[in-house]
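Asks: Got chain A sorted already, so can you dock chain B with the ligands onto it with the hints?
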Amino acid sequence: MNAIEISGLCKQFKGKRRTCVDALKNLDLQIEAGEVFGFLGPNGAGKSTTIKLVMGLLRPTSGTAIIMGVDSTLAESRRKVGFLPENPAFYDYLSAEEYVAFVGSQFKMDTALLKRRSDEVIKQLDLWEARKRPMRSYSKGMIQRVGLAQALVHDPDVYILDEPMSGLDPIGRALVKDIILDLKKRGKCVFFSTHITDDVEKVCDRVGVIVKGSLVAIDRVENILRSGLEGYLVHLQLSDADAGTFAGLQAVRRTGTVSEFYVPSSVFNAFMGAVNTSGKEVVLVETKRRDLEDFFLSLVTSSAQESR
Amino acid sequence: MATIIHITLKGIFRDRVFQGIMVLAVLFLFIPSAASLSMRQMTELTTTLSLSLISFIMLLLAVFLGATSIWKDIERRYTFSVLSLPISRTTYLWGRFFGIALFMLMTTVFLGAMALIAIKAATFGYPPSRPVVWSTIIVTILFDALKYILVVAVAMLLATVSTSFFLPVFGAISVFLAGTATQPVYDYLQTPSVQAAVSVIVRKAAETLYYLLPNLSGFDLKVHAIYSIPFNVQGLILTSIYFAGYTLIILSIGSFLFAWREMK
Ligand SMILES: Nc1ncnc2c1ncn2[C@@H]1O[C@H](COP(=O)(O)OP(=O)(O)OP(=O)(O)O)[C@@H](O)[C@H]1O
Ligand SMILES: [Mg+2]
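So the sequence lines, in the order shown, correspond to chains A and B. All residue numbers in the first sequence are consecutive under numbering that gives the first Met the number 0, ending with 307. All residue numbers in the second sequence are consecutive under numbering that gives the first Met the number 0, ending with 263.
The following block holds chain A by itself, in its conformation from the complex (with noise of 0.2 Å):
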C-alpha cells in the first residue's frame, strides 16, 4: 500500500478583489511506506501549501489525498503520522516535556511508554536542560527541535515534515539527516519538503521538484545524479616536454609534473586506450557531473523561461 496518494489535487486561494491564486495545479504523487521522498521547490512553489492540504489543515479545491488508505479530510488519517508544521508553534506556556506528553496523550500512548519515549526524544534533540521551562522562552532552533521530538514521540509509519532543518544550527542538521537516515532503515516512510538539494543528495529514495505549482520532475536520486555524468577529469604523470596535449586533449591545469586533462564521457574509453598504450602513469581520475543543486536550478530557470 502507498503511504501517501495524492491524486488530481489543486489549490486555489482565493483574495480580495477577485484575485486567485493557482497554489498547488493537478499534483499526483504516490510516496510507497518505506521510502523517503524530497520536495523540493523554490519559494512559493506550492510545498506547504500541499503539504497543508495531505494533514487536513486546507481544503482542496479539487483532487484528494489519503495517508495509509485513509482521506485526509479525516482526522483518522492522522493516526500514524508524526507531523512537523512550517515554522511551528506550539502552546507557549507548556514546557517541552509537558506539550510531547500532551502529543502523546492525543496518540493513546500508554503512560509509561510515553514517558520513556518522551524522555528519549527530548534527550535526543537535546532539549534536556530546557525541558521543564515553559516554551515562551525557547529560541527558534529550540522550537524547531521540540517540532521534530513531538512528530518522532508516538514513533509512527509516516512523516509529513515541512522544512525540518530551517532554523537548525549544522549540529541540527546533522542530527536531522541522522534521524532521516535511521527512520528509512526502519523502514518508515518519511516526506518532506526543502529548499537544500544536499540534504535531498543525502538522504532521499526519491525526489519531486516543484515549481510554481507544478510538479516538474520526480525521479530516483540515484538516476539524476548518474544522468547527470558529463565526463571525468583525469590527472596524469607528464614530463614538461609533453605537458600541454594528450591523445588530442588540451590540458586545463598543469600543477607540478601532473596534468589534467577533462575528458567528456563519449571519449573517455578512446582516451584511457591512449593512456594505457603509451604507459603513463595515472594518479587521479575523478567523475564530472552535475549536482542536484544545478538539476535543480536548471529546472527552475528552465520552466520560469516557459511561463514567460
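Bear in mind the hints are in silico, worked out from the structure with no lab data behind them. Treat the hints with care, since some could be wrong.
Some chain B residues close to chain A (C-beta under 10 Å, calculated; not the full set) [said to hold, decoys possible]:
| hint | residue |
| --- | --- |
| 1 | A1 |
| 2 | T2 |
| 3 | I6 |
| 4 | R13 |
| 5 | D72 |
| 6 | T78 |
| 7 | R88 |
| 8 | G170 |
| 9 | E206 |
| 10 | K221 |
| 11 | W259 |
Remember, it's a predicted structure, so these values are computed and weren't measured experimentally. Beta carbons: idealized from backbone N, C-alpha and C, even for Gly.
Replies: Just chain B with the ligands, lined up with the frame of chain A:
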C-alpha cells in the same frame, strides 16, 4: 477531549490577564465596610454588591476567555500543530468549551465563598430585617454562572468564523446586553396598546430576535437572593433545560463552521 480540557485549564491559570482579573476579587474585602456606610439594610446592600461584583468578574472572564481562546490559537498559529493531531475540530472546540466552563464553575465556587463570607460579616454588624437564606444565594450565584457560560458559547461561536478578535469580543458583549433585554422588550411589545401602535414588520422582527438571541432574564435571580424570596422551582428547571439546549445548538453550529474553516 480530556487532554484538551486539561491544557485549556493550564493555559488559563498561567495567563496574566486572568491573574489580573482575579485581583478584582480583592474588592470583596471592602464590600462590608462600604455597605456599613449606608447604616441601613446593610446585609441587603452587601448581598447586592457581592452579587454584582461576581457578575462583573464573570462577564469579563466569559468575554475574555470565550472570545480569545480560539482566536489566539489561530493568530499564534497553534492550530497548525494542534489540529494536525488526530483530533476532530469538533472535539477540539468542545474540549476548549468544557475547559473554560469548568474554570468558570471553579471561579464561581471561589467568588461565591468570598461573597458568603462578606455577607456573613455584614450580618454581624447590622442584623438583617429578614433572615438570610443561604441556599437561595448559592442557587442565584450558580444560575449567574450558567448565564456567563452561555455567553462563553456565544463568544466561541463568533470566534470560529472571525479572523480578528473584534467580532467575538464586541459581539459577545452585544449579545449579552441584548439577551438581558429581550424578555422585557418582548413583554412590552405584547401589551395591547403597543400592538396597535407598532407595525407588524417591526413586531415580527423583534419576535425573531427574541427567539434567536439568548434569553438571559431567566438566569437573573438577584431579587430572590437579596430579599430572600422563594424560587419558582419549575421556572428554574426550565431555565436549566434552556441553558443546555441553547448551548448545545450554539456549539454545534460552531463546530460545523469550524470544521469548514481553513487553517491558512
Ligand atoms: N493563505 C493564502 N492566501 C493566498 N495565497 C496563499 C496563501 N497561502 C499560500 N499562498 C500562495 O500559494 C503559493 C504557494 O505557497 P506555499 O506556502 O505553499 O509555498 P512554499 O513552497 O511552501 O514556499 P516556501 O519555500 O517559501 O515555504 C504562494 O504563491 C503563496 O503566495
Ligand atoms: Mg513553505
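Asks: For each hint, tell me whether it holds in the structure or not.
Replies: Results of checking the hints against the structure:
Contact between B:A1 and chain A, as hinted, is supported at the beta carbon level, the nearest pair being about 9 Å apart and thus within 10 Å. A distance limit of 10 Å between C-beta atoms decides the matter here; for B:T2 the minimum to chain A is near 5 Å, and the interface restraint holds. Here the hint on B:I6 is kept, as its CB sits about 6 Å from the closest CB of chain A, short of 10 Å. The beta carbon of B:R13 comes within 4 Å of a beta carbon in chain A, closer than 10 Å, and the hint placing it at the interface holds.
Proximity of B:D72 to chain A holds as hinted, the smallest CB-CB distance being about 8 Å (cut-off 10 Å). This hint holds: B:T78 has a C-beta 8 Å from the nearest C-beta of chain A, less than the 10 Å allowed. Given the 10 Å rule on beta carbons, the hint for B:R88 holds: about 8 Å separates it from the nearest Cβ of chain A. Hint on B:G170 is violated. Least Cβ distance to chain A is approximately 22 Å, over the 10 Å limit.
With a cut of 10 Å, the hint placing B:E206 at the interface with chain A is violated, because the nearest CB-to-CB distance is about 37 Å. Below 10 Å, beta-carbon pairs count as interface contacts, and B:K221 has none with chain A, the closest being about 36 Å; its hint is therefore violated. A distance limit of 10 Å between C-beta atoms decides the matter here; for B:W259 the minimum to chain A is near 8 Å, and the interface restraint holds.
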